[in-house]
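Enquirer: Line order of the protein sequences matches chains E and Y. Just so you know, the first sequence maps onto residues 0 to 290 in numbering that gives the first Met the number 0. Just so you know, the second sequence maps onto residues 0 to 300 in numbering that gives the first Met the number 0.
If you are wondering where the hints come from, they were derived from the structure by calculation, not from laboratory data. Here the structure is a predicted model, which is why all the values come from computation and not from measurement. There's no promise every hint is true.
What the hints assert, rightly or not - Straight-line alpha carbon distances no greater than 20 Å define the calculated EDC-like cross-link-like pairs of lysine to aspartate or glutamate that follow: (1) E:Lys-1 - E:Asp-22; (2) E:Lys-1 - E:Glu-57; (3) E:Lys-124 - Y:Glu-37; (4) E:Lys-109 - E:Asp-176; (5) E:Lys-1 - E:Glu-27; (6) E:Lys-130 - Y:Asp-110; (7) E:Lys-236 - E:Glu-216; (8) E:Lys-124 - Y:Asp-110; (9) E:Lys-116 - E:Asp-64; (10) E:Lys-109 - E:Glu-57; (11) E:Lys-124 - Y:Glu-34; (12) E:Lys-109 - E:Asp-173.
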Amino acid sequence: MKVIEARGLRKAFGTTIALDGIDLRVEEGRILGLIGPNGAGKTTALNAILGLTPYQGELRVLGRDPWTEREQLMRDVCFIADVAVLPRWMRVSQALDYVAGVHPRFDRAKAEGFLAKTDIRHASKVRELSKGMVTQLHLALVMAIDARLLVLDEPTLGLDILYRKQFYDSLLSDYFDHSRTIVVTTHQVEDVQHVLTDLMFISHGRIVLECSMEEFESRYVEVTVNPQRVAAARALKPMHERQALGRNILLFDQGDRQQLAALGDVRTPSISDLFVAVMGNHAGPAKGAAK
Amino acid sequence: MNAQSNAMPESIASAVSAPTVISTARPLYWSIRRELWENRSIYIAPLAVAVVTLFGYLIASMGRALSPDNLAQRRAVLEEPLDFAMAVIMGTAFLVGVFYSLDALHSERRDRSILFWKSLPVSDLTTVLSKASIPLLVLPLLSFAIVVATQLVMLLLSSLVLLGSGLTVARLWTPVFQTLLMLLYHLVTVHVLWHSPIYAWLLLISGWARRAAFLWAALPPLAIGIIEKLAFNTTHFAAMLHYRLEGGAEALTMPGSFPIDPMMHLTPGRFLSSPGLWIGLLIAAAFLSATVRLRRYQGPI
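All chains should be modelled from the sequences, with the hints used to inform the complete structure.
Expert: Structure, rendered in structure tokens:
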């Protein structure tokens with residue numbers, strides 16, 4: 000079943016077009032990564048999905064209109080909109096009390112269980128916790144809610160690698176199952192490469208790439224070309240070429256792995272390599288389109 | 000892999016059973032508690048004023064107990080402080096209410112926590128109502144309770160002093176019940192009903208202004224008053240504001256001073272039939288519904 004369905008989703012701030020008619024379908028049980036440069040429209044898209052901003056076009060989240068039914072929607076949808084939005088004056092115990100008080104699907108015992116694995120004490124105020132601990136607390140609150148859609152907007156920004164890894168590990172092992180759906184935006188793409196099931200690149204308010212991770216792995220091939228074969232490799236029309244340590248690395252869309260293996264070392268690119276390649280190709284025309 | 004096969008029936012079952020669990024009152028109750036956690040001055044400020052008043056009274060009554068009393072002196076020392084304590088606690092509650100309302104919808108946007116509050120199934124209406132109920136419900140009730148407690152302690156102290164001087168305490172205690180009933184009436188009519196548009200205006204501004212909420216709350220009324228004065232040389236708007244701040248006179252026959260004994264001074268009929276009350280309530284409702292609409296659109300600043 001479709002958790003998110005958008006058709007022609009548009010949003011403009013004055014003359015700036017943040018979303019330029021996006022079509023989006025997210026099925027249940029997927030983990031979608033929304034990747035794009037700053038100002039590409041990721042947060043605007045998420046805000047529209049969460050009922051935080053009005054929009055033009057059609058949008059249904061779990062069959063509801065997010066803008067007019069935010070309150071009902073939030074029973075089934077959780078989000079971490081940013082790192083450190085928990086109120087700094089609040090105590091950990093008060094956060095547990097409050098969420099237990101207002102949320103019909105919050106399992107307090109579960110949240111306490113997650114917190115027991117951390118160094119967070121119930122009597123602490125949020126302002127006394129480190130940034131990593133605040134994120135742990137927020138994640139513990141969110142994971143204890145039996146929601147169907149979880150939206151994460153840069154949930155690990157500014158955290159060190161240990162907290163980041165732990166964040167996605169606990170999300171996968173303690174929370175995610177195939178009746179839940181997660182949408183995540185992040186600039187730290189290497190963290191989520193093995194977490195995602197679906198990938199979407201967005202630039203200037205438009206979707207420039209959309210594929211499942213299986214598709215990504217079979218479709219894109221990166222070849223570290225032997226120096227004497229560079230001309231032959233270029234003849235196969237790579238989508239992008241870069242140089243590293245004096246060697247040419249070419250990225251192919253729909254490349255034939257056997258054919259390419261003859262030219263050099265073949266491997267699946269990282270999301271960030273593909274991102275650079277796609278954004279490099281799209282920057283020019285996309286700018287012109289978003290007048 | 001098992002999870003996948005169980006997934007569909009489970010999610011359908013939970014979707015059906017969940018919405019019935021929490022009634023609408025629960026989020027409101029927890030939202031009000033949340034306001035009290037965040038703004039502890041709501042109860043600390045009137046309590047502190049009460050303690051200070053009691054301390055002053057204690058010193059005064061100990062000093063006077065030694066001197067021989069005449070009747071006028073006794074009134075001055077033992078009874079007037081009761082009214083004074085009531086007045087300062089109510090005044091404090093009014094100030095706390097004003098500053099609370101100006102900050103209520105501003106601080107959650109300033110510290111970005113609005114994104115957390117909006118991630119929970121609490122409607123904008125519930126949130127605004129919980130914030131409005133602080134100056135319109137919690138503070139009046141709280142200050143009433145504190146006044147009652149303070150006056151009781153004062154009366155007990157006075158009784159000890161009087162008994163020590165061999166005088167009867169009966170006259171001291173007789174007007175207490177009436178005074179408190181008066182106070183309750185005054186609270187409901189003036190502090191809640193009559194002043195509601197003031198608080199609603201402050202809440203609206205706190206939800207709208209990006210910064211300097213106090214200036215935005217104070218300057219437009221001032222500007223209207225000045226323009227009216229310069230353009231038409233009249234002061235209707237200023238008179239109206241003054242009437243609103245000082246007003247509620249219809250509730251009592253003696254505006255300005257707070258009558259102590261006779262119950263006849265209460266005139267609820269006159270109060271309830273005054274158009275000023277109903278116009279004020281309508282304006283308050285309009286401001287509050289604008290505040291609710293505004294909060295839907297607002298994000299962090």
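Enquirer: Given the hinted pair E:Lys-109 and E:Glu-57, is their alpha-carbon gap at most 20 Å?
Expert: violated, 36 Å
Enquirer: Between the alpha carbons of E:Lys-1 and E:Glu-57, is the straight-line distance 20 Å or under?
Expert: Holds. E:Lys-1 to E:Glu-57 sits at ~14 Å (cutoff 20 Å).
Enquirer: Given the hint that E:Lys-1 pairs with E:Asp-22, does the C-alpha gap stay at or below 20 Å?
Expert: Holds, at roughly 13 Å.
Enquirer: Between E:Lys-236 and E:Glu-216, does the CA-CA distance stay at or below 20 Å?
Expert: Roughly 19 Å separates the two Cα atoms, so the pair holds.
Enquirer: Under the criterion that the straight-line Cα-Cα distance not exceed 20 Å, is the pair E:Lys-130, Y:Asp-110 satisfied?
Expert: Distance of about 15 Å is within 20 Å: holds.
Enquirer: With the threshold set at 20 Å, check whether the alpha-carbon distance from E:Lys-109 to E:Asp-176 stays at or below it.
Expert: holds, 16 Å
Enquirer: If you draw a straight line from the CA of E:Lys-124 to the CA of Y:Glu-34, is it 20 Å or shorter?
Expert: holds, 16 Å
Enquirer: Is the Cα-Cα distance between E:Lys-124 and Y:Glu-37 20 Å or less?
Expert: Holds: E:Lys-124 and Y:Glu-37 sit about 12 Å apart, inside 20 Å.
Enquirer: Given the proposed pairing of E:Lys-1 with E:Glu-27, does the C-alpha separation stay at or below 20 Å?
Expert: Given pair E:Lys-1, E:Glu-27 holds - Cα atoms ~6 Å apart, limit 20 Å.
Enquirer: Would the hint linking E:Lys-109 and E:Asp-173 be met if the CA-CA limit is 20 Å?
Expert: This hinted pair holds, its Cα atoms lying about 10 Å apart.
Enquirer: Between E:Lys-116 and E:Asp-64, is the straight-line Cα distance small enough, at 20 Å or below?
Expert: Between E:Lys-116 and E:Asp-64 the Cα gap is close to 37 Å, so the pair fails against 20 Å, i.e. violated.
Enquirer: Are the Cα positions of E:Lys-124 and Y:Asp-110 separated by 20 Å at most?
Expert: The hint holds at about 15 Å.
In this structure, the hints that do not hold are numbers 9 and 10, in rising order.
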